[in-house]
Each structure stands twice: as structure tokens, then as C-alpha cells.
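Peer 1: Residues per chain, in single letters:
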Amino acid sequence: MSSEAVDYDAQVAAVREAFEREFERFARFQGGAGTEGLSLGEAETLLRELGELRTRHTAKKSALAQLMKLIGRVPAEERAAFGQRVQALNNEVATKLDEAQAALDNRIGQLKVERERVDVTLPGRRPRRGHLHPITLLRQRIEDIFVSMGYAVEDGPEVETDFYNFTALNIPELHPARSPQDTFYTTDGLSLRSQTSTVQIHAMQKRRPPLRVVAPGRVFRRDTPDATHNPMFFQVEGLLVDRGINMGHLKGTLSEFVRRLFGPDTRTRFRPSYFPFTEPSMEADYSCFKCGGAGCRLCKGSGWIELGGSGMVHPNVLKAVNIDPEEFSGFAFGLGIDRMCGLMYELDDIRLLFENDLRFLEQF
Amino acid sequence: MDISYNWLRDLTGVSVEPRPLAERLTMAGLAVDAVHEKGDDHVLEFDLTSNRPDCLSHLGIAREAAALTGAQVKLPDLTAKNVEGRAEQFTAVEIEDPNLCPRYAARVVRGVKIQPSPEWLVRRLQAIGQRPINNVADVTNFVMHELGQPLHAFDLAKLSEFRIVVRRARAGEKIRTLDGVERELDEQMLVIADAARAVAVAGVMGGEETEISDATADVLIESAYFDPQSVRRTSKLLGLQTEASYRFERGVDYEGVRRAQDRCVALICELAGGTATEDAIDVYPKRITPPTVRLRPRRVEELTGLKVSAEESRRILDSLGFEPAAGEVEDGELTFGVPTWRTDVRIEEDLVEEVARVYGYDKIGEALPPSPVTGEYLVGDRRRRAARQVLTAAGSNEAVSISFIEESSGVDETGASRFELLPGLQQVEGEGAWVALSNPIIEGARLMRPSLLPGLLEATRHNFNHGTRDVRLFETGRVFAASAGSDGGGESRPVEVESFALLVTGEALEDGKAAGRPSDFFDLKGALEAAADAMRVGALEFETASVRHLREGQAARVRVGGREVGNAGRLSEELAARYKFRQPVYVAEVSLSELLAVGERPARYTPLPRYPGVSRDVSLVADRRVAFGEMRRTILSLGIEECRGVALVDVYEGANMPEGKRSLTLRVEYRADDRTLRDEEVDAMHARVVAALEGEFGAQLRG
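Chain order of the listed sequences is A and S. Note that this note's numbering numbers the first sequence so that position 344 is 344, with each residue one more than the last. Note that this note's numbering numbers the second sequence so that position 479 is 479, with each residue one more than the last.
The following block holds chain A by itself, in its conformation from the complex (with noise of 0.2 Å):
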């Protein structure tokens, strides 16, 4: 063999067993195998490691590259077996170092994911956010829902006179309910209003009927402060007066309203009763949102809840603001806030409402 004789193959191999010796330590990773256990550091040091591999033997100046120069100078006979080996080799080459630092590059992204892994059962962020009174939730979504039925809010003072607290009211002038036993009275001989129906002939006076009104506010009567009562409640007071207006109205106002404050299911149940300024008078119960109806602790057993006294309004008192009751009639009724809010929270003590203890307030 003379001394130009080149062998081509030796030299490929020559490559080849380079790199191979080389990439021995990163062979377990093609596949995408053999990643487990690395920790993030040795993870990382493998790669760029590989990377220095990868530049040792695929750069410009590399044993591999100088192979592919060579391709153009070997004899022509030769050259295309001779460049299909060091093409192939050049593949070879390149899909083991890809599969090997995609293993590793895999392995690094899942560890990273892994270290910013957060709990996220951990209680949030959140600022410390105040509470509003549950009276003004519940007087708030009644004073939504009656608004959306075309009602207006109404006010009135809560200091009261005589005409507007009972006579007015058609409660006669000996009634219990003016003793000083039962209504507060001020040294001046005015009372606190002992109901919202003192708005109905605020309001009256002030628009003409047609007329809707619903008016929540503070009353005032005397009973000694226990579990289930107050000196002092709110109470929603609404009235409608128009030509034309029966019972019917007034079953249907309380039953919708019932049923947009507490469900579509909410059944209602209508039974006379008596007011002085109401006549007929009518109780409405609705279906107990807890059982729905069934019986339980919190209706006791019976599957309905009062929700107040109503009616229509008593002649006297259209009178009284000179609305003439054979050609207007109205319906008014009014319902205990403070009582429908220990039912809906399920208060054991009606008290806590107005001690203002934080961690009372802080779970509504």
C-alpha cells in the first residue's frame, strides 16, 4: 500500500469512537430515560456540560467537521460511500446529543416546576374587608326587590305624634297598645313610632294615589331585652292604594316577594287576623326555607313561618288623609327585619344584633 492510500473508514471510525467515548456518560439519557433522581444542580452542570460536548464535536474546527470537508476531496469513486458514512455519522452524532439534552432539558423544566409547586389550599392574599350589618343585607335585598316591583322607599321620623302613631292608624284612643306600658313616650308627651305604618300616612299626605311605598325603619316598643327581644327592631312597612285593589294584590305582592327573597319553591299561606288599621286583615306564613315545608326545629314543627300582619287598608285610615275609600282601596303590610334575620342566620340571642361585637359583625 503506498502512502497516499487513505483509509476513509478508519478515520470515520476514529470519529466515531471520539465521541462515543465522550458521550458514554450522557447515553443513558437518549430516550428521554434515565433522568430520574437528578437533582436541578446536576441537571443543569449535565447540560452544559453536553453543551461543551456538542461544541467540542460539531463546531467549525471539530474532527466531525473536518470529515465533512474532506467529503469534496476524496477520489470520486469513493466519495459517495465515503459521504454517506460521515453524514451518517453526522446524524448520529447530532439526534444522540438532541434526545440527551432533551432528556435533560425535560428533567430541568419538571424540577422547576416542582420548586415553584405552590400550595394552593394556602389562604389567600385578600385584604382585610369590612362587614356590612346583616339588618342592612336583608333591609338592602328588600329594598331591591320592592323597588324592581315599582314600589317606592319612604321614610319618616321616628319621633312621633299621636295622629300619626295611633289615631291616624285607627287605634282608638283607650287601646292598650298607647299605654305607656307597651309605647315609649318622650317628656314631652310624643312617642316613639311603635310601627312603620306611621309612613303609610306620611306618605299618603305626601303623594296621591296611585300610590306603592315600602318603608323600613327603627321601631320602638317597650319589651325588656331577652333572646328573642328588643326595645327597639326594624320593621318594613308597605303600602299600595290605587282604584281597583283587593286581597288578591296583596296575596300576590307577598307571595312574589317570598319567592324572589327565599327561592321559587317558597309556598305562602294566608289566615284572617286582626289590626286595627287593616280590614279584612290577613297573617301570611311562608314555607320554612330550611325544611322547605317538612317540619323543623326552626318552624317549630310546623313547616311554616309568620312573615307578618297585612291587609287591606282600613277605611278610617284613608279617611284620615282624605282619600275617599269608595273610590280607592290599598293593601299594607309589615314585616319584622330583626326577626326574619335571626331566623335566616338562626340567632340563638336577638341581642347580639345591636351589641356590635366584631366577631358577631365579621361573619356576615
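Hints were generated in silico from the structure; no laboratory data involved. All residues carry an ideal CB built from backbone N, CA and C; glycine is no exception. Do not take every clue at face value.
[To be verified] Among the chain S residues that face chain A by a calculated CB cut under 8 Å, a handful are:
| hint | residue |
| --- | --- |
| 1 | Ala-28 |
| 2 | Trp-120 |
| 3 | Val-390 |
| 4 | Ala-393 |
| 5 | Ala-508 |
Let chain A serve as the given structure and place chain S on it in line with the hints.
Peer 2: Here is chain S on its own, set in the frame of chain A:
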């Protein structure tokens, strides 16, 4: 009130079972709270409305049950077995005051034997929770529960001159009632007397001296109708409520007086032996005529929506004892005589209710009223809600306090207000300035609150006592003071102002997070400003002031557009000591009425700046009393058009600062609308600002 089902059945023959019957009665307006089984009987527990005294007996409920079920009421036997002699042979009755006693009947039974009642009677009484005593006493009690008429039995032998005088008590007259208590009467009270003394408090309770005893042989049975208001007054003044007074004060059936007496006498003859007089002395000087009420049948549908025929209405009313009066039918109009026991039926609407409740409220169809009007909220309510929302979002909780406060928490020993009242409330001192209750129910809580602050301070004390030291509360509500024009008496109402109050104490919050420092004046101010901003009232102006309940030097009066609306600051030492607060408490109170009266500041668009602005900081050492607000105003009033705003960067008043001085760092922003400002321009403007501050406030530029 307890009603025995068996007893009811005896009076009506009604066959409906106890529970369904209770349901029917409830739905007709006679609410049965519970049905209990008791031996072979059932007891129906009624919670009656005050307008139905006629139902305070088995007969009353029986009438209703009969009307609802189509049964007939069967009155018991009223004939006495042994009858002899006329009542006037044995007694006499005189009514001195027929207004208080329109009717009094007395009948005598001689030769009775007092002994325990028979088994059937004991069972009946026990079923409804009554304690048996002896046959005569039990019979009076039994008949009251059966027919609703309270009765009383006197030992005839013990009545002086054996006669009855119904008169008013004499001044200072005393009587020992059956419960063994000696009671002093007044001249308005009606008594039953004999020739010598009062022997019973009319309609309330009998006297001990003429009580039935084992030795009693002759009894006088009283059955009467007393004026309801008179009985109510006497019962209330004596603090003595009895089964009798309960019925009399609501009104008994004045035409049932004799029937009950006859029933009682017949039963006494049967159970205690004895001979009854053949008649009674019945003093009834002015016969009470029951009213008649008309009914236009169309009114039933007009008021209830129920289509009930005239015939059906008439049938229902008839079943309840309403008698069609003669000479009816004009335009189909009906007229009814009201039963003597129905004190509650006086007008047409009452009859409509009678028809509707028997026909059934459940048959009334539901409809929503046609809507000719639109809904609206209270004036300013959107703004109120916005303020509440902002405050809660910033960490405050909403309080609701009772409207009355202890006098001592609002007023000091000299009668002066402890709190400076809101504008709009009269600033007068002394008793007449306040709205006070004449009959408080909570010990000491006599004053209608003139300020919301006592309530918030009380709430704060409560929270401190329960270990909560960081308290941020706000409240809205009415406050009260006498009106200026109330001297003339009459019906002038006090002034009611809607107030808004805020309290801050404990650790501060910044952006919703614990700030790691105690709250101070500026936390309070910031919250108030945020609320005012949410209400769109325009900027609040704070001005140093002396405010009665606030600590000097940390007190401000608050204005909007020059109009005073309230105050804000740190609670005074004196008040803090009163409440035993050991940490600073900051309070503000403003008139919501005034704030809402200020027009809503409209949102107005100004074009976004097209050229960049330049900020320059200036640090100055000045007297501590020189207010930032004044410096700011001075700068803005220099008339430099390009000066767009003055902000505070820092306040330093620590070490290295001469006594009484502090350092303020202000940031002034300069910007022109038509060009980018050159440095030299800004320098010139800023120099004017600094010079003004130095000149006006003696401030020194800090290196």
C-alpha cells in the same frame, strides 16, 4: 286559651276530628297554636286576636266551628230543678253608676251544701287547666268557660242587709280580695258593695269577707256587664289581671248575662242542692241596642277578589248569627243586625271579612297589581350605599346601636353635653335640650341619642372587654335634639338628623393589610375622605378646631364647600378615661343629612396630558404649627398656571430637629398643555414656590 274538644263536641255535635278542626279554625282566623291529647280528650291551645272576646269560651268557639262545618250550636239546659220565691224577697240591687255598670243581675240559691264537685266537672275543669275548689265556685268557673260570662258567688248571709250596691269606691276605701291582699281603691274604680262596704272589685275579683265557705248555705249569683275601659283601668292600676277582668275588659255579651246566670243556678241546684229563686233581679236601665251594618254584596269582590254570591254571603253571615234586618234590598244592598257578642263588627268591611274568612282566604286568587307607577329609592340612597361599600372594603364594620343611651353618657354632671352636636341640632344646654323618655325600659337609658358616638364608644368598650383591640366601626342613623321652636308646647317634633359616625382604634390597616403601627388621626381622616369621595360630595376640608369631645391639637372641624358638616379627631382624655380606654381612639361624626344636601359632584373629563410633567421636591423646616394645607393653598394660589398639584412626600419630626419644628417634603408637579417644559422654566417656577414658602411661613430650605 285552652278549649276542650269533648266539651266543644257536646255544644255542637261537630264530627270533625280535633286536628283537622284546629286547622279549619286557624284558617278562619282563630289561631290554634297546638293540639294536645289529654286522657280521652284533646285540648286546643288558642292564640286569639284581641278583637274576638266572644271566642273566649267554648260557646264562642262552638259558634265558629258550627259555622265552618255546618253543625248547629246546642245551648245547654238552663232550667233549675227546685224553684221557689222571688229574688226580691231575699235581696235588692241598686246601680249608682249605670255608665260603668249598664247591667247587673242577681239571683239567689238557698240551702246549698258546699262540697267537692263531681268527677265529670272536675275532669272538664282540669282538661283546660283549671283547679277545682268546691261545687259552687267550680260551677261559676265552669259556666264562664262554657258561655264566656264571668260570674261571682257571694255568701248571702255575709252581705250587710243582704243587698247589693254597685257604686264607685270611696276615696281611700280598702278591700281584701280573694287572694288575701288588701287593696286600696280610688274613686274612679267600680265596686260591688253591700249596705256597709265594698265586697268585690267589679269585674276583677271578689272580696275575702263574703267568699263562699264550707258553712255557706245561701248564695247570691252575680252576672253583670261592666264597662270594658273601667275594668281595664282598675285591673291595670291594681296590678290584678284575672280571667274575669280579661273578659270584661274586652267586652262580654250583654245579652248573655241572664243565660249564664240561669245555667249557673241550674247547675248549682243540681250539684249542691238548694232552691233557686224563680227569677232574678235584673237591673238594666238602658237597653243596649246592637248596631246594624249594611253590606253591598259587590264589595266582597271589590275588596277580596272573591266571587261570592249575595245568597252565599247571606248564608255565611246567618251561620255566624248575623240577622238580616227588614226593609232591605235597594240596589241589592243587605242590612244585618250584629250579634250582641260581636263587639268587633261595626262597618261594611268587617262584614266583608266575615264572609271572606268563612268562605276561605285560600280561595282568593293571587295576582300582581297593575303597575302605573315606577320604583324609586330613598333620595341619596345610592350614595349611602356607596359610602358603606367603600368603608367596608377598607376594613370597617357596620354597627347598629340602640337609639337610646344612658343620660350620663351623653350629658355631664352640670347638664352640659359631653359631645359637640352636629350642625342642625340645637346647641342648647340643660334638660330641655334633649329628647328624653318618660318611661325608659333599660335602666338609665333615658335619652334619645343626640350623637352616634356614645353608641360606638360603648361598642368599643364591649369589644375591648372581649379581647378585640383593633376596632373600626361606622354607623348611620338618626340623632335627636329638641327643636328650637318647642317652647310653645303643642305637637312640635324634635329635630332628627341623619348622622354618620366612624371610629378607629388599634392597629392600622394599609391597603387592607396590617400596617404594623397604631392607627392615628390620618387613618380616620382617610376613611372619612374615602367615604365622602364615594358619595361624590367633593373634597372635605379639615380645619384645626377645638371640639368638646376631642383632644386639643388632634381635632378638626370638617366642611364641604365651606359648609360645616361635622368633626373628627382623637377622643379627649376625659372621655377616654370615662370609658377606661388605654389606647388612643379616633372618632368622626358628620351630618349625613348635610352631606346628602351637597349636590353630587359630577364626573367631568379633562383631556389626558399630551406633554410630560416634571416633579420637583422641596424639603423645608418650619414651625410645627404651620399646616401642610396652608402651604399647599399658598402654592396653588401663586397663579402659576403650569403648577398642577402639590403632594406630601414626607413629614419628619424626630431627632436633629429644633424644638417645635418639623421638616416637610413636598412634591410639586409642573406641566404645560402645549409643550414640554424646559428645565429653566421649571427652575424659575419652582424658585417662586420656594420663595413663597420661605416668605409666608418662615420655612427654611433643608439641605
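Peer 1: Can you list which hints this structure breaks, lowest number first?
Peer 2: Numbers 2, 3 and 5, in rising order.
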